[in-house]
Amino acid sequence: MSQLVFIAFQDNDNARYLVEAIAEDNPEAEVQHQPAMIRIQAEKRLVINRETMEEKLGRDWDVQEMLIDVISIGGNVDEDDDHFILQWT
Amino acid sequence: MAIKNKKLNLKDKYQYLTRDMAWEPTYQKKKDIFPDEDFEGIKITDWSQWEDPFRLTMDAYWKYQAEKEKKLYAIFDAFAQNNGHQNISDARYVNALKLFLTGVSPLEHAAFQGYARVGRQFSGAGARVACQMQAIDELRHSQTQQHAMSHYNKHFNGLHDAAHMHDRVWFLSVPKSFFDDARSAGPFEFLTAISFSFEYVLTNLLFVPFMSGAAYNGDMATVTFGFSAQSDEARHMTLGLEVIKFILEQHEDNVPIVQRWIDKWFWRGFRLLSLVGMMMDYMLPNKVMSWAEAWEVYYEQNGGALFKDLERYGIRPPKYQDIANDAKHHVSHQAWSTFYQYSHATNFHTWMPEKEEMDWLSQKYPDTFDRYYRPRFEHWAKEHAEGRRFYNNTLPQLCQVCQIPTIFTEKDDPTMLSHRQIVHEGERFHFCSDGCCDIFKNEPEKYVQAWLPVHQIYQGNCEGSDVETVVSKYYHINIGEDNFEYIGSPDHKRWLSIKGKSSDAKDAKGESADQDAA
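Just so you know, the sequences run in chain order W and L.
Following the working numbering, the numbering of the first sequence begins with 16 at its first residue and continues without gaps.
Following the working numbering, the numbering of the second sequence begins with 10 at its first residue and continues without gaps.
One or more of the hints may lead you astray.
What the hints assert, rightly or not - Pairs of lysine-lysine residues, derived as DSS-like cross-links and limited to a Cα-Cα distance of at most 27 Å, are as follows: (1) Lys59(W) <-> Lys20(L); (2) Lys71(W) <-> Lys79(L); (3) Lys71(W) <-> Lys16(L); (4) Lys20(L) <-> Lys71(W); (5) Lys71(W) <-> Lys52(L); (6) Lys71(W) <-> Lys77(L); (7) Lys317(L) <-> Lys59(W); (8) Lys52(L) <-> Lys508(L); (9) Lys72(L) <-> Lys71(W); (10) Lys59(W) <-> Lys163(L).
As the list claims (entries may be wrong) - Covered stretches of chain W, as calculated for chain L (at least 3 residues, CB under 8 Å): (11) 19-31; (12) 35-45; (13) 84-93.
Everything labelled a hint here was simulated from the structure, so no lab data went into it.
Every residue, glycine too, gets a C-beta built ideally from N, C-alpha and C.
Go ahead and model the full structure; you've got the sequences and the hints to work with.
Dropping the structure here:
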């Protein structure tokens with residue numbers, strides 16, 4: 016059986032950058048657009064990289080800023096200064 | 010030489026602001042300070058093994074929560090200023106909000122009380138900090154939900170006395186008993202029940218597809234509080250998963266205890282979510298996904314991945330998961346049938362689905378809807394059209410554990426009611442399922458004390474023995490305004506007036522509804 020991790024964001028301006036960054040750094044991820052939300056899922060692992068977000072936004076970005084727009088997650092979380100990682104072992 | 014002010018990294022900062030703010034007691038015994046920590050038999054050998062995947066400290070917490078609140082209230086204001094209630098898909102939809110305000114928002118407050126209490130019970134600082142933040146989150150959710158609904162309360166009936174109704178109304182004893190059960194358990198069971206089973210495994214089903222549906226029905230206030238609350242859930246879920254992994258890693262003796270809690274709280278949560286199933290399939294005029302589809306994505310797929318991950322600890326998927334998976338084809342129809350029949354005893358209206366909605370249900374439930382439910386619904390619609398709107402004037406048999414009337418059917422025979430009974434100390438108790446019967450058998454002393462609405466009415470504890478007196482005097486439901494059929498109700502007339510379809514209902518709030526079968 017496949018083991019998908021997922022993350023869902025509110026469909027707003029901030030989250031569009033997050034979705035772009037995730038799609039770029041996780042090319043195998045599937046992006047689903049639903050009313051008012053965007054859900055992204057992938058086999059086993061998804062990563063959000065601070066660097067990619069900073070390039071997209073053209074400013075400093077704190078990984079914890081994702082807390083403002085996230086709706087839900089599935090997977091074990093590992094967060095540090097540079098990454099937010101969701102994974103199943 | 011100027012020294013560059015080096016920023017602490019996230020891990021160090023978290024360590025300083027949580028663990029290093031705690032202290033080892035010297036003049037009191039740890040056991041006296043945390044007396045409940047070991048009474049459930051859970052063995053914790055080393056709290057320092059507790060890992061915090063979200064390393065959120067209080068300063069960051071205030072910053073991000075303030076940001077969320079600003080965004081949320083900006084949308085509430087815009088919604089109120091634009092008379093947002095006039096732009097929803099249909100006023101029938103508001104009935105889902107009545108159920109939400111009376112059935113769910115008080116649970117947020119119960120969760121706040123629960124986390125405030127258990128956060129005090131753990132000798133590990135990491136767990137205490139996580140519970141403290143979650144307690145504040147839950148209080149915020151309860152408040153923002155009430156603020157969001159206050160706009161609807163100005164224009165629609167049934168939203169006027171949520172806290173009072175929560176403590177009394179028959180179907181609200183279902184969510185109330187769920188949290189009362191969890192809050193009266195020990196601290197680790199509370200966390201397994203709420204943080205893990207409810208938050209991690211089941212709240213996605215409540216807050217994600219239903220809230221997406223609120224957006225699809227033009228209700229920006231609800232989708233915004235829903236997603237704002239759900240943004241905190243990302244942390245709560247992480248707490249839930251961390252709690253389970255931590256307990257399981259601490260001692261092998263913990264595994265069977267946790268497994269029994271997972272079995273129990275999965276089943277209780279699944280029963281509770283019957284309400285959400287019917288909200289999605291029947292109460293959203295514009296539908297996003299069916300309950301069965303939501304169950305497949307958020308339980309079978311995501312829950313499946315989770316339980317596969319927990320296999321390494323010796324944890325198996327919840328007992329009776331197969332019955333719950335099969336029931337996804339039935340529960341929303343069975344729950345809606347029940348509320349339709351008992352609509353005279355609720356604070357919201359019900360109706361039969363329109364033709365296009367029946368066709369949508371046929372398409373989403375190809376193996377069950379046309380065979381078992383459509384004929385019943387078409388019969389009721391015909392009866393209503395002929396002036397005989399069906400109301401059931403009996404009081405139903407309730408399940409001693411989940412408190413839902415015994416309305417569900419057997420897995421392999423949807424025409425057979427699922428009913429179990431056992432005699433305990435000379436008294437006979439009734440259950441809706443093997444799942445609820447097992448829960449009772451494990452802790453009979455707890456569940457013999459259940460406050461069951463039907464029993465209480467018959468015992469004369471609800472200010473009357475007839476439905477009308479109980480509903481009006483004891484529940485504070487305004488007869489003819491808040492209850493009965495939607496078509497012809499004051500809410501319906503008011504909506505027609507808003508949409509310019511009828512001129513005789515300029516101020517329908519307060520007028521009498523169609524009471525043909527009262």
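Evaluation of the provided hints:
1. Lys59(W) <-> Lys20(L): Cα-Cα ~24 Å, so holds.
2. Lys71(W) <-> Lys79(L): Cα-Cα ~24 Å, so holds.
3. Lys71(W) <-> Lys16(L): Holds. Lys71(W) to Lys16(L) sits at ~23 Å (cutoff 27 Å).
4. Lys20(L) <-> Lys71(W): Between Lys20(L) and Lys71(W) the Cα gap is close to 25 Å, so the pair holds against 27 Å.
5. Lys71(W) <-> Lys52(L): Not OK: Lys71(W) and Lys52(L) at ~47 Å, beyond 27 Å, violated.
6. Lys71(W) <-> Lys77(L): holds (22 Å)
7. Lys317(L) <-> Lys59(W): It holds: about 12 Å lies between the C-alpha atoms, which stays within 27 Å.
8. Lys52(L) <-> Lys508(L): Violated - the C-alpha atoms of Lys508(L) and Lys52(L) are around 62 Å apart, more than 27 Å.
9. Lys72(L) <-> Lys71(W): holds (23 Å)
10. Lys59(W) <-> Lys163(L): Distance of about 48 Å is beyond 27 Å: violated.
11. 19-31: holds (count 5)
12. 35-45: violated (count 0)
13. 84-93: Check passed, 10 qualifying residues.
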